[in-house]
Amino acid sequence: MTDADLRLKALFAEDEPPARDPAFSTAVMEELARRRFAADIALLAILAVGCGFALWLVWPRLAPLMPTLSQGLAPLGACATLAVAAVMLLDGRIPVLRRNHG
Amino acid sequence: MSPEGMDLELVEAARRGSASAFARLVERHQQALRAFLRRTCGNWAQADDLAQETFLAAWERIGKLEAGASVRAWLCGIGYNKHLTALRSAGRSRAREAAYEVEKPPSSGAMTDERLTLEAALSELPPDQRACVALCLAADFSHAEAAEALGLPLGTVKSHVTRGRQRLLEALGGSDDGR
Chain A
157 MTDADLRLKA LFAEDEPPAR DPAFSTAVME ELARRRFAAD IALLAILAVG CGFALWLVWP
217 RLAPLMPTLS QGLAPLGACA TLAVAAVMLL DGRIPVLRRN HG
Chain B
9 MSPEGMDLEL VEAARRGSAS AFARLVERHQ QALRAFLRRT CGNWAQADDL AQETFLAAWE
69 RIGKLEAGAS VRAWLCGIGY NKHLTALRSA GRSRAREAAY EVEKPPSSGA MTDERLTLEA
129 ALSELPPDQR ACVALCLAAD FSHAEAAEAL GLPLGTVKSH VTRGRQRLLE ALGGSDDGR
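In the order they appear, the protein sequences are chains A and B.
Counting the first sequence from 1 gives a position; my numbering is that position plus 156.
Counting the second sequence from 1 gives a position; my numbering is that position plus 8.
In case anyone wonders, no lab produced these hints; they're calculated from the structure.
By construction, the Cβ of each residue, glycine as well, lies at the ideal position given by its N, Cα and C atoms.
Don't take each hint at face value.
Calculated Cβ distances over 10 Å to all of chain B for the following chain A residues [stated by the list, open to error]:
id: 1; residue: Ala204
id: 2; residue: Gly206
id: 3; residue: Leu225
id: 4; residue: Leu246
Taking lysine-lysine and the DSS-like style, the derived pairs with C-alpha atoms no more than 27 Å apart in a straight line are [stated by the list, open to error]:
id: 5; chain 1: B; residue 1: Lys90; chain 2: B; residue 2: Lys166
id: 6; chain 1: A; residue 1: Lys165; chain 2: B; residue 2: Lys72
id: 7; chain 1: B; residue 1: Lys166; chain 2: A; residue 2: Lys165
id: 8; chain 1: B; residue 1: Lys72; chain 2: B; residue 2: Lys90
Quick list of simulated restraints, FRET-style, between CB atoms [to be verified]:
id: 9; chain 1: B; residue 1: Asn89; chain 2: A; residue 2: Leu213; range: 23 to 33 Å
id: 10; chain 1: A; residue 1: Leu246; chain 2: B; residue 2: Gly76; range: 30 to 40 Å
id: 11; chain 1: B; residue 1: Leu95; chain 2: A; residue 2: Arg191; range: 23 to 33 Å
id: 12; chain 1: B; residue 1: Ser10; chain 2: A; residue 2: Thr158; range: 42 to 52 Å
id: 13; chain 1: B; residue 1: Arg96; chain 2: A; residue 2: Arg191; range: 16 to 26 Å
id: 14; chain 1: A; residue 1: Leu213; chain 2: B; residue 2: Ala94; range: 26 to 36 Å
id: 15; chain 1: A; residue 1: Trp212; chain 2: B; residue 2: Glu74; range: 42 to 52 Å
Excised from the complex, chain B in its bound form:
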């Protein structure tokens, strides 16, 4: 069975109230969602909290998921909205930025200089641009999928990805060798 077919079955079962089917959906999509939120937030602990909140919201809203829609994109969309809500809280935003500066993201291994440079460059991108980069450059979303997940116009997503990519490559000291 294809991953999409499996998702469809699990979503149907979860709609009927099956917590075990929803647990399978969590297992299948936690990696993609947490990776996206880590790249978007910069703070790994907060990203994991947002991912948990996203899954809890998804359980409540699973009846609204359109038939055939990508579960991964839907979850990233919910997660992104939760991230924006957190960002709009000025106090929390300031606290997060301060925490980001003093607290390196936890990692199982030592971070390379390049990786640290990428983190720093990523943190300087505007939230929309950062989310587009996280989806399209890191998670292999198409521009259309990212536009749907983030609720942004397709042209805006393309422009964010191009500019974000350019800024990251500049920070890494690499050349843009065309697309």
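Only chain A is shown next, with the shape it has when bound in the complex:
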């Protein structure tokens, strides 16, 4: 490396950002978390709308069966709801909804 290159390099080094900048790193990670949260909400909203639409489609056939089905399915539904709630509380997120970034 020549003297001219060293001189240029020294001048360039004057505007070097700090090696550690917690404010910048935190800002990046906060924005990342905000975008992931928004994506999760959007996905859940799409799922909810999809499930609602599917229910609306099958409701005419399902409605007559409800009185008999509800007797047997109520305990199972309650257990499933509790299980899902437990998974969400313990894990923070539902594994099947976890996005694959690979």
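Position chain B against the provided structure of chain A, taking the given hints into account.
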């Protein structure tokens, strides 16, 4: 562990969805990326915005990073493409040039005359040439690394670095004492 080995581990963890591993990658590479974008953009605030956007894009694309590839070069490549996209927007480009003229880059200390001359000379270089100079003369990238990061042919990078270096030295009033 070597820096490359550490990067490899962090990239693997980030691919599995580890935000903390990605945060470590941000910490490790923010300096190099921001320095490159500052030199390429001229506008420090915009450079930091582009750096943030670059890291967010990197998180989404980390699965596409080839095994063994340099994380630093990959990030600079994404950042450079984002810079070019911003440049292609004519209105923003004009606004940036105007802002560059009236707004001195923020600095923790007073800028020397030489430093100001360098900034002015750098701003007059074409974007490709400026990026090559920022990587090869300021950040110790090899010509091959810069070519890969910027998506330019190796010969073009060499030529940009030689011409850019010449123009900067001329502006600084120095002599080119050979390579």
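Thr158(A) and Ser10(B) - C-beta distance against the hinted 42 to 52 Å:
This hint is violated: roughly 29 Å between Cβ atoms.
State, for the Cβ atoms of Leu95(B) and Arg191(A), whether the hinted interval 23 to 33 Å holds or is violated.
For Arg191(A) against Leu95(B), whose Cβ atoms are near 24 Å apart, the range 23 to 33 Å holds.
Since Leu225(A) was said not to touch the interface, does its Cβ keep a gap of more than 10 Å from each Cβ of chain B?
holds (38 Å)
Are Lys90(B) and Lys166(B) close enough, with their CA atoms no more than 27 Å apart?
holds (23 Å)
At the C-beta level, are Asn89(B) and Leu213(A) separated by a distance inside 23 to 33 Å?
violated (45 Å)
Taking 16 to 26 Å as the stated bounds, is the beta-carbon spacing between Arg96(B) and Arg191(A) within them?
Given about 24 Å between the Cβ atoms, the range holds.
Taking 26 to 36 Å as the hint, is the beta-carbon distance of Leu213(A) and Ala94(B) inside that range?
At roughly 46 Å between Cβ atoms, Ala94(B) and Leu213(A) fall outside 26 to 36 Å, so the hint is violated.
Exclusion check [Ala204(A) not at the chain B interface, CB over 10 Å]:
About 23 Å separates Ala204(A) from the closest Cβ of chain B, which puts it past 10 Å; holds.
Range first: 42 to 52 Å. Now tell me if the beta carbons of Trp212(A) and Glu74(B) are that far apart.
Cβ of Trp212(A) to Cβ of Glu74(B): about 47 Å, so the range 42 to 52 Å holds.
Should the label of Gly206(A) as a non-interface residue stand, given a Cβ cut-off of 10 Å to chain B?
holds (24 Å)
Can you confirm whether the C-alpha distance between Lys166(B) and Lys165(A) stays at or below 27 Å?
holds (17 Å)
Whether the CB-CB distance between Leu246(A) and Gly76(B) falls inside 30 to 40 Å:
holds (37 Å)
Hint compliance for this structure: hints 6, 9, 12 and 14 are not met, and every other hint is.
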